[in-house]
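These protein sequence lines are chains L and H, in that order. The number in my numbering is simply the position in the first sequence, starting from 1, with 1 added. The number in my numbering is simply the position in the second sequence, starting from 1, with 63 added.
FYI, nobody ran anything at the bench for these hints, they're computed from the structure. Cβ atoms here follow ideal geometry from the backbone N, Cα and C, with glycine treated the same way. It is possible that some hints are incorrect.
Cross-link-like lysine to aspartate or glutamate pairs, in silico, EDC-like; alpha carbons within 20 Å at most [stated by the list, open to error]: (1) K435/L to D171/H; (2) K319/L to E331/L; (3) K188/L to D171/H; (4) K144/L to D154/L; (5) K223/H to D255/H; (6) K223/H to D171/H; (7) K188/L to E259/H; (8) K159/H to E215/H; (9) K198/H to E198/L; (10) K63/L to D171/H; (11) K159/H to D154/L; (12) K319/L to E350/L; (13) K188/L to E198/L; (14) K188/L to D173/H.
Partial chain H-side listing against chain L, Cβ under 8 Å, derived [what the hints assert, rightly or not]: (15) Y100; (16) G126; (17) A157; (18) M184; (19) P196; (20) K199; (21) G212; (22) Y216; (23) Q220; (24) T260; (25) Y303.
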Amino acid sequence: MILAAANERARTITDTGFEWPTWPAFWRTVSLADYNTRVVIIGTTLLGIAAGVVGTFAYLRKRAMVGDALSHATLPGIAAAFLITGAKSLPPLLIGAAISGVLGILCVLGLRRIPRIKEDAAIGIVLSVFFGAGIVLITFVQKMETGNQAGLDRFIYGKAAGMIFSDAALIGAVALAVLAGVLLMFKEFRAICFDAEYAAAQGWPVMLVDVIMMSLVVLTTVVGLQAVGLILVVALLIIPATAARFWTDDLRTMTLLAGFFGALSGWIGSSFSALLPRMPTGAVIVLCTGLIFFISMMFAPLRGVIASIVRRESLSLKIRYQNLLRAIAEVEEQAAPGISVPYAHLLAERSWKPRQIRGLIRRGFRRGDLHAGDAGGLALTSEGRERANRVLRNHRLWELYLIRYADIAPSHVDRDADMIEHVLSPEIIRELEKALAEAPPIPPSPHAGEVFA
Amino acid sequence: MESSITFNARVQARPAQRADDHDVSSPVSIHDMTVAYHRKPVLWDIDYAAPEGQLIGIIGPNGAGKSTLIKACLDLVPKASGSVLFYGQPYRKARKMLGYVPQRESIDWDFPASALDVVTMGRYGRIPWCVPPRKKDKQIAMHALEQVGMAEYARRQISKLSGGQQQRVFLARALAQDAKIYLMDEPFAGVDAATETAIVQLLRDLKSAGKTVLVVHHDLQTVPEYFDQVLLLNMRIVAYGPTKTVFTQENLHKTYGGRLTLLVEAAEAVARGGKPT
Chain L
2 MILAAANERA RTITDTGFEW PTWPAFWRTV SLADYNTRVV IIGTTLLGIA
52 AGVVGTFAYL RKRAMVGDAL SHATLPGIAA AFLITGAKSL PPLLIGAAIS
102 GVLGILCVLG LRRIPRIKED AAIGIVLSVF FGAGIVLITF VQKMETGNQA
152 GLDRFIYGKA AGMIFSDAAL IGAVALAVLA GVLLMFKEFR AICFDAEYAA
202 AQGWPVMLVD VIMMSLVVLT TVVGLQAVGL ILVVALLIIP ATAARFWTDD
252 LRTMTLLAGF FGALSGWIGS SFSALLPRMP TGAVIVLCTG LIFFISMMFA
302 PLRGVIASIV RRESLSLKIR YQNLLRAIAE VEEQAAPGIS VPYAHLLAER
352 SWKPRQIRGL IRRGFRRGDL HAGDAGGLAL TSEGRERANR VLRNHRLWEL
402 YLIRYADIAP SHVDRDADMI EHVLSPEIIR ELEKALAEAP PIPPSPHAGE
452 VFA
Chain H
64 MESSITFNAR VQARPAQRAD DHDVSSPVSI HDMTVAYHRK PVLWDIDYAA
114 PEGQLIGIIG PNGAGKSTLI KACLDLVPKA SGSVLFYGQP YRKARKMLGY
164 VPQRESIDWD FPASALDVVT MGRYGRIPWC VPPRKKDKQI AMHALEQVGM
214 AEYARRQISK LSGGQQQRVF LARALAQDAK IYLMDEPFAG VDAATETAIV
264 QLLRDLKSAG KTVLVVHHDL QTVPEYFDQV LLLNMRIVAY GPTKTVFTQE
314 NLHKTYGGRL TLLVEAAEAV ARGGKPT
């Protein structure tokens with residue numbers, strides 16, 4: 002009872018206080034104990050699934066921004082439907098929304114056919130003109146006696162908290178249609194997203210498949226208007242799909258993951274705004290997708306930023322280490338195997354920083370490739386010599402290959418060879434060996450004389 | 064040379080497709096085909112019948128309409144006039160006989176798909192609506208990958224393949240179509256030596272299996288080595304026939320030389336609205 006009173010108090014407009022939810026309130030939300038909360042959370046979660054799944058294909062078809070034009074283009078339809086029917090009930094408004102949304106897409110497609118109008122310009126034009134028309138119509142509606150209570154502006158920003166059972170059921174039906182459509186048409190959608198022209202050459206009616214795909218986008222967008230609003234609904238289409246792409250290279254997994262991310266955003270977002278009164282649900286849901294996107298972008302092991310930095314760093318460490326071994330091997334080549342190479346020579350050989358080279362030397366000792374030589378220098382162990390000669394050999398092979406086949410001046414070769422020898426696969430090396438059949442075990446350096454001058 | 068006025072008349076007349084204008088025994092028979100982009104003609108009055116079981120190089124300078132020729136055959140760009148028959152059948156009925164290799168740059172390779180996924184898409188034309196590819200389709204796709212020497216890369220994400228490997232994936236996808244006639248758009252463009260060798264070998268295998276292969280090709284030096292027949296093209300057909308007799312200095316000069324200025328001017332006049340300058 003106390004809780005209910007607190008909620009009542011929080012809902013009055015004059016109350017600007019902020020209250021953290023109590024544990025019981027938290028539990029009631031998480032366990033979906035309240036009927037209203039349950040409807041809202043289930044509704045937005047289903048919306049997230051539908052938008053994530055169909056958004057995957059809109060994103061891969063490079064139609065994500067068409068979704069934005071579509072959602073903005075629904076507004077005049079909503080207002081017009083209200084003017085015509087005078088009804089506050091949802092179905093006619095959503096039908097109006099769908100009609101003008103589709104009209105908006107057709108306008109984008111039509112404008113694009115005109116030479117000199119690119120897709121982004123077409124989208125910008127349609128989006129803003131339709132939205133402007135919608136605002137004008139809504140202003141007009143609100144000046145009418147009945148229009149005041151229509152609350153049409155809820156379609157702009159979204160009002161998930163006002164969701165009733167029939168709204169959630171409608172979203173559920175659309176989610177079901179999206180899942181069924183994607184399940185049945187997975188092959189067709191994949192074909193036109195990857196290579197529409199090839200699909201057409203195989204005899205697939207690309208236009209029809211596109212229409213089916215865009216219909217699912219339209220359905221999802223239109224039922225999402227109430228919950229997240231037309232400005233933000235496109236985020237649910239694009240962001241979960243983009244986030245999912247960081248985790249996987251498989252379309253099936255990506256689709257499932259995008260649906261899951263959408264669901265998670267819908268669920269967490271609406272739970273949050275149930276707990277913190279006056280939080281705009283749509284915006285919180287979109288912020289959740291944004292957070293999921295950020296985490297995916299940074300931490301996904303496959304394509305995430307951190308993973309690729311780690312990969313790049315470990316490759317560059319490997320390259321620097323191989324260069325150290327090669328520098329010693331080149332000295333051995335000029336002098337004798339087992340010679341102790343002074344530290345100062347290595348420092349002069351490359352643009353290494355002292356700290357860097359000390360790290361590399363420690364690595365060499367750890368791996369047993371190096372041991373301390375005479376007079377405080379460094380020498381290769383027999384194991385290290387084997388490794389170093391392999392590196393040197395690849396390097397020289399590649400240098401020769403570049404000179405002979407790529408027609409690069411010998412003075413420029415060394416740098417290019419440095420880049421590539423560390424990633425040469427055994428099969429390319431075999432190929433090089435074949436191409437340069439007469440090459441001795443370690444071909445002489447094309448910079449003869451300058452290496453150890 | 065055509066004048067722009069007769070060209071317009073031709074476009075408007077749109078002669079009906081008649082089988083007796085075609086050589087029905089030819090794998091690819093093109094009759095009186097004209098193609099225009101934004102009303103500017105890029106191919107004029109193409110009449111050609113490809114001989115069966117040959118490797119045919121389509122040769123011509125940039126902008127000669129080589130890719131357009133292939134795309135028009137596959138109904139990917141609209142024809143202003145004329146028709147194409149495959150063994151006497153229109154494209155709609157013949158599409159299962161056709162394998163297509165588009166230019167590698169035509170798609171975004173950062174698509175979530177493995178090499179095997181892409182090659183399996185070659186089977187999609189034979190699978191009905193809403194039915195996923197079967198095990199048999201995957202096996203055929205795998206076999207196609209083996210044929211181009213890419214079996215070990217089947218599971219690799221396509222963006223992690225080299226350019227030559229990507230090209231081989233595209234070829235394998237066309238092989239998986241199990242076609243009689245192959246249309247290839249610059250399969251040799253920007254590939255490494257290993258891929259070039261693999262493609263040449265594949266072309267010869269296709270030929271010995273009785274397939275007809277039309278290949279848009281850029282490198283003039285390798286033409287006599289790779290192709291039995293050539294089709295020299297520069298907005299119109301300059302010459303065609305066996306490489307030995309047709310691939311001559313004189314014909315090449317006609318194809319690449321500056322003798323077509325009149326035709327280009329006419330094309331631009333048509334684009335401006337049929338008013339000659």
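Please flag the earlier hints that this structure goes against, numbers listed from lowest up. 1, 7, 8, 9, 11, 15, 16, 17, 20, 21, 22, 24 and 25
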